[in-house]
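Protein chains: 2
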Amino acid sequence: MLYTSSNNSKIKKIKKLQQKKYRDETGLFLVEGEHLVKEAYHSGFLQELILERDETFFLDGIPTSYVTKEILSYLSTLETPYPIMGVCKKIEEKNIGERILILDGIQDPGNLGTMIRSAVAFHIDTIILSLDTVDLYNPKVIRSTQGLLFHINIQRRALTDILPLLKKEDYTIYGTKVSNGKNCRTLEKKEKFAIIMGNEGNGIKKETEAFCDVFLSIPMHNTCESLNVGVATGIILYELDK
Amino acid sequence: MLYTSSNNSKIKKIKKLQQKKYRDETGLFLVEGEHLVKEAYHSGFLQELILERDETFFLDGIPTSYVTKEILSYLSTLETPYPIMGVCKKIEEKNIGERILILDGIQDPGNLGTMIRSAVAFHIDTIILSLDTVDLYNPKVIRSTQGLLFHINIQRRALTDILPLLKKEDYTIYGTKVSNGKNCRTLEKKEKFAIIMGNEGNGIKKETEAFCDVFLSIPMHNTCESLNVGVATGIILYELDK
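Protein sequence lines, in the order shown, are assigned to chains A and B.
Count along the first sequence from 1, add 178, and you get the number used in the numbering used here.
Count along the second sequence from 1, add 178, and you get the number used in the numbering used here.
Treat the hints loosely; a few may be bogus.
Remember, identical chains collapse to one label, so a pair may be satisfied in a single copy or spanning two.
[Unchecked claim] Here are the simulated SDA-like cross-link-like pairs (lysine to any residue), alpha carbons at most 20 Å apart as the crow flies: (1) Lys-384 x Pro-241; (2) Lys-318 x Leu-206; (3) Lys-198 x Thr-350; (4) Lys-368 x Gln-196; (5) Lys-318 x Gln-285; (6) Lys-345 x Gly-239; (7) Lys-420 x Cys-362; (8) Lys-360 x Phe-393; (9) Lys-370 x His-399; (10) Lys-188 x Leu-309; (11) Lys-368 x Leu-309; (12) Lys-188 x Asp-238; (13) Lys-420 x Ser-395; (14) Lys-216 x Asn-361; (15) Lys-367 x Glu-417; (16) Lys-318 x Ser-404; (17) Lys-420 x Ser-404; (18) Lys-368 x His-399; (19) Lys-420 x Glu-403; (20) Lys-272 x Thr-401; (21) Lys-370 x Gln-196; (22) Lys-216 x Glu-403; (23) Lys-355 x Gln-324; (24) Lys-191 x Thr-350; (25) Lys-216 x Thr-401; (26) Lys-346 x Glu-257.
Keep in mind the hints are simulated off the structure, nothing from the lab.
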């Protein structure tokens, strides 16, 4: 089917997926570009393909709608839209694993995407997002993950609910501080751990800090007050993966 | 002096500093917000203060212009402008040091800023930007550095000019690869080195690769093709700082 009008009710519904409210209501989200569409497909989350009218791309068993260039621009969040987009269902949560990254109030979509990418790289099996962390299905987050959000268990939870459970199950809870914490180069290996990274400006919340067994810091030149939180997360996960 | 019109020739000149062309012509650039203005001042690069009319901020020996809220919005690159801005002269280049970070075609301003921040953190003394790397004085780069661009020697050079000189001076030249390089966890300490990080999509250029003594890789899960280049740089600099 070829859609040519942005007034079409189906097209309007897809457009609305740019808003968190509608993503939450429908349990659906959009991905843009062949790479992300294929990642969604191979992970079983792709529901529908949206292609520019002349596109010959094909994925077995996936219903496909064709649209004009104008509709594509209308649906896309990019200045130069890809000719291939996909509607996906949100990823279901799995049981919590043994190597956990907890994000306490991350606001920047690019930072969240980058952190998901690093988490997969360094064998984290579960990411827990605090309720005030940016939406996982924000288009910029999805792009920054480079599709790796389909390869890791991600949950959104109140940290004051989940942290007592982890403590009861004997996870080591690592907090992070920009200075005066334990040098992250001297970490001992733990079977079950959760590492908490905090908000870009304010770090970890006081109520979250209360659950930490030990605070880690990255040794650095004192002219530099702190690293970008995505970089700091990368370094700490790299150390935990030794 | 209070400026109230965006047609004023001085205000127009300041506005033009948002464009690389005029920054190059004048040798000036803009910083926004008290933190960056103070960093520029203490490093000796601040030439002039621009304040919202009611602002009482003061820096000894710095000529100050006052502007209306409207002019501030006009001059700012931010949706919510700070009441304090500064015109700075570009930072002069110093002699090349012994711990060098070379960036070969970095395109994303946020990545460049983050990398400068990490370089200061991990005791790099000189950053060399290839001619096709994004402008150091791009407003997003400056914001992402958190002012640390004032604390490190940064030069822009043709890499095919500078690399032969470094080789002659017995620097170890490290390249980076997403896989199959030497494990960066097993680095030996070198007194004089240059580490080259490549473009977001394409890595290091062929002509640059030819100068590398050894290629480093970060060991990671094979589901993840690569890390964000800012994160990868952070981890490699962290290892080189051991």
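- Query: With identical chains treated as interchangeable, where does the CA-CA distance between Lys-216 and Glu-403 reach 20 Å or less: within a copy, between copies, both, or neither?
  - Reply: The answer is between: 15 Å across copies meets 20 Å, while 41 Å in one copy does not.
- Message: If the cut is 20 Å between Cα atoms, do Lys-318 and Leu-206 qualify within a copy, between copies, both or neither?
- Response: Within one copy, since 16 Å is at most 20 Å while 32 Å is not.
- State whether the alpha carbon distance between Lys-420 and Cys-362 is at most 20 Å within one copy, between copies, both, or neither. both (11 Å within a copy, 12 Å between copies)
- From the Cα coordinates, with 20 Å as the cut-off, is the pair Lys-272 and Thr-401 best called within, between, both, or neither? between (42 Å within a copy, 19 Å between copies)
- Message: At most 20 Å between CA atoms: does that hold for Lys-198 and Thr-350 within a copy, between copies, both, or neither?
- Response: Classified as neither: same-chain Cα gap 33 Å, cross-chain 49 Å, threshold 20 Å.
- Task: State whether the alpha carbon distance between Lys-368 and Leu-309 is at most 20 Å within one copy, between copies, both, or neither.
- Result: neither (27 Å within a copy, 45 Å between copies)
- Within, between, both or neither: Lys-318, Gln-285 at alpha-carbon 20 Å: both (12 Å within a copy, 17 Å between copies)
- Message: Within, between, both or neither: how does the pair Lys-384, Pro-241 come out at a Cα-Cα threshold of 20 Å?
- Response: Neither way: Lys-384 and Pro-241 sit 48 Å apart in one copy and 42 Å across, limit 20 Å.
- What label fits Lys-368 with Gln-196 when the C-alpha limit is 20 Å: within, between, both, or neither? neither (40 Å within a copy, 50 Å between copies)
- Task: Pop the pair Lys-191 and Thr-350 into one bin, within, between, both or neither, using alpha-carbon distances up to 20 Å.
- Result: Classified as neither; 44 Å inside a copy, 57 Å across copies.
- Query: Should Lys-367 paired with Glu-417 be assigned to within, between, both, or neither, using CA atoms and 20 Å as the limit?
  - Reply: Cα proximity of Lys-367 and Glu-417: in one copy and across copies (10 Å, 19 Å).
- 20 Å Cα threshold - placement of Ser-404 relative to Lys-318: The answer is between: 18 Å across copies meets 20 Å, while 24 Å in one copy does not.
The structure does not agree with the numbered hints 1, 3, 4, 6, 10, 11, 12, 14, 21, 24, 26 stated previously, though it agrees with the rest.
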